[in-house]
Amino acid sequence: MTEALECQLLVIGGGSTGAGVAWDAALRGFQVILADRGDLATGTAGRFHGLLHSGGRYVVRDPAGARECARENVILRRVASAAIEDTGGLFVTTPLDDLDYADRFLAACPAAEVPVEEISPAEALRREPRLTPAVRRAFAVRDGSIDSWKLIWSCARGAEQLGARILPYHPVTAILRDGDRVTGARLHDLRSGDELDVRAECVINAAGAWSGRVAQMAGCEVAVRPGKGVMVAINHRLANCVVNRCHMTGDGDIVVPSHSVSVIGTTDTPVEDPDDIEATAEEVASMMAAGDVLLPGFSRSRALRVWSGARPLLPKTAAAVGDDREVSRSHAVIRHAQRDALGGLISIAGGKLTTFRLMAKDTVDAACAELGVEKSCTTAETPLPGSTGSNYYRLPDHQADFEKGRADNPMICECELVSQADLLEAARVHPKGQIDDLRRVLRVGMGPCQGGFCAFRIAGLLHGHGAYDRTEANATLRAFVQERWKGQRRVLWGQQLRQARLDTWIFQGVLDIEHLPT
Amino acid sequence: MITDALVIGAGTAGLTAGIRLARGGLRVTVVASGEGCLPLASGTIDVLGFAPEAVQSPRGALPGFLDANPEHPYRISGLAGLEQSLAWFVKTTEPLGYHGELSRNQWVPTVLGGLRPTALVPRSMAAADLGAGGEVLIAGIRGFRDFHPALLAANLGRAAAAPAPAIRTRAVELEWPGSAGDMPPFRLARRLEDPEIRRRLAAQLHSQLGDATAVGLPAVLGRERAAEVHADLEQRLGRPVFEIPGLPPSLPGLRLFDCMRRALLDAGGRLLMGSTAISATHHRDTVDSVTITQASRPVKVSTGFVVLATGGFATGGIVRQPDGQLQEPVFGLPVHGLAPGQEPFGDVYLAEHPLDRVGLSTDAEGRPLGVAGGPHAVNLYAAGAVLAGALPWREKSGEGVSLATGWHAAEAILSGRREDAA
Chain A
1 MTEALECQLL VIGGGSTGAG VAWDAALRGF QVILADRGDL ATGTAGRFHG
51 LLHSGGRYVV RDPAGARECA RENVILRRVA SAAIEDTGGL FVTTPLDDLD
101 YADRFLAACP AAEVPVEEIS PAEALRREPR LTPAVRRAFA VRDGSIDSWK
151 LIWSCARGAE QLGARILPYH PVTAILRDGD RVTGARLHDL RSGDELDVRA
201 ECVINAAGAW SGRVAQMAGC EVAVRPGKGV MVAINHRLAN CVVNRCHMTG
251 DGDIVVPSHS VSVIGTTDTP VEDPDDIEAT AEEVASMMAA GDVLLPGFSR
301 SRALRVWSGA RPLLPKTAAA VGDDREVSRS HAVIRHAQRD ALGGLISIAG
351 GKLTTFRLMA KDTVDAACAE LGVEKSCTTA ETPLPGSTGS NYYRLPDHQA
401 DFEKGRADNP MICECELVSQ ADLLEAARVH PKGQIDDLRR VLRVGMGPCQ
451 GGFCAFRIAG LLHGHGAYDR TEANATLRAF VQERWKGQRR VLWGQQLRQA
501 RLDTWIFQGV LDIEHLPT
Chain B
1001 MITDALVIGA GTAGLTAGIR LARGGLRVTV VASGEGCLPL ASGTIDVLGF
1051 APEAVQSPRG ALPGFLDANP EHPYRISGLA GLEQSLAWFV KTTEPLGYHG
1101 ELSRNQWVPT VLGGLRPTAL VPRSMAAADL GAGGEVLIAG IRGFRDFHPA
1151 LLAANLGRAA AAPAPAIRTR AVELEWPGSA GDMPPFRLAR RLEDPEIRRR
1201 LAAQLHSQLG DATAVGLPAV LGRERAAEVH ADLEQRLGRP VFEIPGLPPS
1251 LPGLRLFDCM RRALLDAGGR LLMGSTAISA THHRDTVDSV TITQASRPVK
1301 VSTGFVVLAT GGFATGGIVR QPDGQLQEPV FGLPVHGLAP GQEPFGDVYL
1351 AEHPLDRVGL STDAEGRPLG VAGGPHAVNL YAAGAVLAGA LPWREKSGEG
1401 VSLATGWHAA EAILSGRRED AA
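Which chain is which? The protein sequence lines are A and B, in order.
Position 418 of the first sequence, counting from 1, maps to 418 under my numbering, and the rest follow consecutively.
Position 297 of the second sequence, counting from 1, maps to 1297 under my numbering, and the rest follow consecutively.
Heads up, some of the hints might be wrong.
Reference excerpt, derived from the structure (chain B facing chain A, CB under 7 Å, subset only) [claimed, not checked]:
1) R1116
2) G1143
3) L1151
4) D1182
5) S1296
6) Q1342
7) F1345
8) L1350
Rather than coming from a laboratory, the hints here were simulated on the basis of the structure.
From a predicted model like this one, the values you see are computed outputs, not experimental measurements.
Every residue gets a Cβ at the ideal spot worked out from N, C-alpha and C, and that includes glycine.
Take the sequences, apply the hints, and build the full model.
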């Protein structure tokens, strides 16, 4: 059965860009529908290292890009504070790094508006005792750690409060056209199996690394070239601020604190298919070895998980070959009316999470031009729901919140301190949510046990509260266990392998999920 | 420190070997870094449940299973040794009332409501065998995060495979007297040793019993006084009550540990907890000492025999290094089962992975092989999950392998001494 909906802007893609566009457009008074083929933040934005750029990584190579980051950093701290941990960052010159680069780095910061302060190696070691004692120069910058899930959900919630509709698990099956004009898209509701036609005055292709595919459905081209980046999470915070090597960027040269873990990144390998990006054993080994340069002993620490993201890179010119980090990270808004004589379609490609707000602004500006209306952007001044401009996330606050009212509120996930009340509230807000969807909201299953204990509790509790029927509970539990496995199997050694075997003992031995009744 | 026999590990295999050796007249020292693996286990004695199809009779299935799996550790004890070890176990753990037959698996509910095949169950699970169907009431405790009666009962109602008789189920949640809070299994078990708590729970259950022929409860029915708790609940409810084991820590596993520890001590054995074996010295073809940690200090233990029962990856008996090297950390024994460069894990979590059967290979007597191919030492035996060739959780064979090989290691040591004496 085909239903139909109407709106002014249909946003395809529920990553940071799409959610940012929905928030921006809803603030400007547009009627918005956002659709994603899966849950929100499951593409590239949910699979990155969590860095809020100070701009330092680009000052030498791409001062304009660095300036964009520096400006957006200031704005996001104001409007998205609840999603940001104000960790600060360090750029350090290790014995492997060229000392001349440190001079160039320091000299380039002011022009790019990147605040920087050189500190002594001793002071750097005082701040981060696990840093390599061989550090030769150190620079403090305003890097931070940003939770893309919180960010994207608050954009989506904010847009919804202004009347937008968010449709996760609705892949696009066709772009609807009327002659030389795009008039909407046909969506497939994965959960009901129904088809849904959405008529829109303007369709915004914000599918990131997948935007080429969406454009293709409209019969035009977006030359986005996915770049695979590998990240590994370590089960402690080995450093409490972002630690970067001060050199021309390379593989595994940044360690970002993210909630209770540290994330090392990353690589950059061109790939054909953004869905085929599993990390190889060699890539994991190279990440672990690279970590030792910044934080000696890194390679012996307990890795929890490895994952990869597909960057939506835009080749600057056909000549941009060789090291992929030379490809501009800057974004481009394409008005297909102008380029392809196809009205009603705008694509946004390239960019990075730190500049998502700017990308959204440029995109909605283009939509205003397309529709011949004038509405100005207010996202730089309007805090997202939950953010006050000063309520940065702090790791200890989570524990303090959790301890309140603990007595009558069982802990469901010990690793990430998630209570039964948290779980039931998340299930209320995400009524059809699979355990893996709730993970992106609550972080359940992301700690050392990778769901060994909480997954069963969640399935049982939510079944008991009517959120799942029996077969759904069994299916989501099995799917979650399989999903968690994908990111573990390349980093299983030492204590984490021991943990994984305990999980197998539980899932295969005690619970025997393999032989559950159908 | 001097001992006749040093047993490394206090799981089922290590305690079995330790008790038998102590009863055989040896001075025995069991060292363990923790409480062993028993608090992780369900407290049932699984022998063979899937081969890979469901097994109704382990005794009937084992000959063919061993033909198909010639490297399986059951080959060390053989079927006869397995049977002897099970009989010995039932007698040794008499206070817990284990029962069952090797010729017929019992099908007991998991905490998710599936049915799991096992050979022996303790008295607290005597009524849990639902292979013949039945009408059961599943009673949870509101707020206990590790037991969800509605899902358990819903699955269990569908668990019997045709043409087996149906299982009819109902679920209730009991209000716990006092705060719901975080209730770890230990605390529930301790509180249930109070008759007043039991009286209040039984009163709630009474009106719900209906036609139920048995009542399933979370496996938290006491620790030291578990027999009393169980008997009292059965009497109050007027029908069989059974425990359904769940996530660790497991009370049925802990009770088994308590019981076997007592048997070891009663036999004159010594148990050193918080002690990890770290290295060994050799004299010609024998191990003559093992260095253990005590209060973080190395202590050398001179010993006549060693039983290595440290378990698999889950308990640190085998370790995988970041570079993929597999190690047995005490003796540096070669670890078998994975070809060089072979990927240890596949894509599908529930499928068998190449790493799953990894462990130590042994000679026919259960002595682990050294780098040269023959036994590493004439007086070193290996038992339990450290051995290569089994899939304990997939096959449901973990406790059976540990009992049979732990029992056999002691047998080999004792018969060797008898021969020497003669």
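Problem set entry | Hint check: 7 Å Cβ-Cβ cutoff, B:Q1342 to chain A | violated (12 Å)
Exercise. With a cut-off of 7 Å, does the beta carbon of B:G1143 approach a beta carbon of chain A closely enough for the hint to hold?
Worked result: Hint on B:G1143: holds, closest Cβ of chain A at ~6 Å, below 7 Å.
Problem set entry | Evaluation of the interface hint that places B:R1116 against chain A, nearest CB under 7 Å | holds (5 Å)
Problem set entry | Residue hint B:S1296, partner chain A, criterion CB-CB below 7 Å | violated (19 Å)
For this session: Against chain A, run the beta carbon of B:F1345 and see if the smallest gap drops under 7 Å.
Result: Holds, because the Cβ-Cβ distance from B:F1345 to chain A comes to roughly 4 Å (cut-off 7 Å).
For this session: Report holds or violated for the interface hint on B:L1151, using the least CB-CB distance to chain A and a cut-off of 7 Å.
Result: holds (4 Å)
Exercise. Given B:L1350 was flagged as interface, is its beta-carbon under 7 Å from a beta-carbon of chain A?
Worked result: holds (5 Å)
Exercise. Would the hint on B:D1182 stand, with a C-beta cut-off of 7 Å toward chain A?
Worked result: holds (5 Å)
Checked against the numbered hints listed earlier, the structure breaks hints 5, 6; every other hint is satisfied.
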